[in-house]
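*Asks:* Here the sequence shown is numbered in UniProt numbering, starting from 1 and rising by one per residue.
If you are wondering where the hints come from, they were derived from the structure by calculation, not from laboratory data. It cannot be assumed that every hint is accurate.
Claimed, not checked - Quick list of in silico lysine-lysine cross-link-like pairs, DSBU-like style, CA-CA up to 30 angstroms:
hint: 1; residue 1: Lys-231; residue 2: Lys-162
hint: 2; residue 1: Lys-293; residue 2: Lys-232
hint: 3; residue 1: Lys-246; residue 2: Lys-276
hint: 4; residue 1: Lys-115; residue 2: Lys-245
hint: 5; residue 1: Lys-162; residue 2: Lys-293
hint: 6; residue 1: Lys-115; residue 2: Lys-242
hint: 7; residue 1: Lys-246; residue 2: Lys-115
hint: 8; residue 1: Lys-231; residue 2: Lys-293
hint: 9; residue 1: Lys-232; residue 2: Lys-352
hint: 10; residue 1: Lys-232; residue 2: Lys-242
hint: 11; residue 1: Lys-220; residue 2: Lys-246
hint: 12; residue 1: Lys-162; residue 2: Lys-242
hint: 13; residue 1: Lys-220; residue 2: Lys-232
hint: 14; residue 1: Lys-140; residue 2: Lys-231
hint: 15; residue 1: Lys-220; residue 2: Lys-231
hint: 16; residue 1: Lys-246; residue 2: Lys-231
hint: 17; residue 1: Lys-250; residue 2: Lys-352
hint: 18; residue 1: Lys-220; residue 2: Lys-245
hint: 19; residue 1: Lys-140; residue 2: Lys-171
hint: 20; residue 1: Lys-276; residue 2: Lys-224
hint: 21; residue 1: Lys-250; residue 2: Lys-231
hint: 22; residue 1: Lys-352; residue 2: Lys-406
hint: 23; residue 1: Lys-220; residue 2: Lys-171
hint: 24; residue 1: Lys-232; residue 2: Lys-245
hint: 25; residue 1: Lys-245; residue 2: Lys-293
hint: 26; residue 1: Lys-220; residue 2: Lys-250
hint: 27; residue 1: Lys-352; residue 2: Lys-293
hint: 28; residue 1: Lys-140; residue 2: Lys-245
hint: 29; residue 1: Lys-276; residue 2: Lys-220
hint: 30; residue 1: Lys-162; residue 2: Lys-115
What the hints assert, rightly or not - Pair ranges (Cβ atoms, derived):
hint: 31; residue 1: Val-270; residue 2: Arg-116; range: 24 to 30 angstroms
hint: 32; residue 1: His-285; residue 2: Leu-198; range: 49 to 55 angstroms
hint: 33; residue 1: Glu-332; residue 2: Val-217; range: 32 to 38 angstroms
hint: 34; residue 1: Thr-233; residue 2: Ala-346; range: 16 to 22 angstroms
Cβ coordinates follow ideal geometry from the N, Cα and C atoms, glycine included.
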Amino acid sequence: MLPVHPGTSPRTRKSRHMARTLLIPAVAGISALALVTTAGLATALHKNDVELVVDNSATSIAVREDTVAAVLELEGIELGEHDIVLPGPETRISQGMEITVAYGRPLDLSVDGVKRTVWTTAPDVGQALAFLNLDAQDSKLSTSRSTGISRQGLSVDIATAKDVTLTVAGKTTQLTVAGTVADALAEAGVTPDADDTLTPAADTTLTDGLAITFVDVEVKTSAKEVDIPFKKTTTSSETMAKGEKKITTKGAVGMSRETYTDVYHDGRLVSSTLAKSVISRQPVHEVTTLGTKEPAPKVEVADPGVKKTAPTGSNNLTPASGSTCMASYYWEAQPTANGEQFNTNAMTAAHKSLPFNTMVKVTNLANGKSAVVRINDRGPYISGRCLDLSTAAMQQIGGTSSGVVKVAYEVVG
């Protein structure tokens, strides 16, 4: 039997022993619980540094979340069916991880008129077309390749390059170009103006094999002086003997300045149109006056001392007395004013008004030689002259060498 301490019953001593025995396991359990709780709390309080890249915009964050999906939810990022996240949403977070989010964007494409819509995560047009294998540098785009694509999307028209021919001034060139006929001209360095012609029109969409023709049209102005011909008219005069004819108004050509519009195609004149005509000098119309006066009846006066003879060229004639004037002669065979055929060997003459068949004595005042001639023609029409003798008559009075001589004349029958 254990010793019993004074004042202590055996029951009391047993209870204390049991208490000491139970206390040891209880303390051990509390220590274990504290250890587990501390480890869990440490894990819950740990943060990982993560770089979040959204559409190429990077942000560094510290997160306690354990998956990519949880981090995205933390940042309020919702993914659509066309969006991409790397690494995947179920990937566990680790220190220094980079999470990349690329939003899908609708890209409405029209390629040579054929429309379609594609989704892309590319940030700009150039990268999107490169991914779609539509980035040919000779294609023509409706927007710049550097244009950004928003989440709302973008519409882009693409014209792919076509093989065409361009003919300028008769020379044909092969071109590979996109767009319209105007783009083909620009590629060739041709700048049309309003006068030029172009087939087909500048806004025509290019197609393979299209033939383009350009004609350089130039409009110029030219001018020249042009003669205006005069008209010939006749009039009558009762003061002139019938059968007599003379030019009373001499004709003269006029002058006008004509301005033309000249059209050249590729340097070659194709048309010239009269634009205006300005008269600088009016023409003078020629007027010929015809005599209508009937000759007075001839009165024969008998003179027993004078015997009427035919015209003669005798040098024994007495000099004529009366009027004086200048006389010329002519020799061309032609009809006379009274209807005869001119005979250069006959003793005849032309006078402006004396009746036909009048006998006239003509004396050369320089040498005194005389001849009697018959009037059968009209003339001369040169100022200062009154008679135009036949060659024979002029020879008789010795004036052929001079051509024109001063004479005295008188009517003798």
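*Asks:* Among the hints numbered above, which are violated by the structure, and what are their numbers in rising order?
*Replies:* 1, 3, 4, 5, 6, 7, 11, 12, 13, 14, 15, 18, 26, 28, 31, 33 and 34
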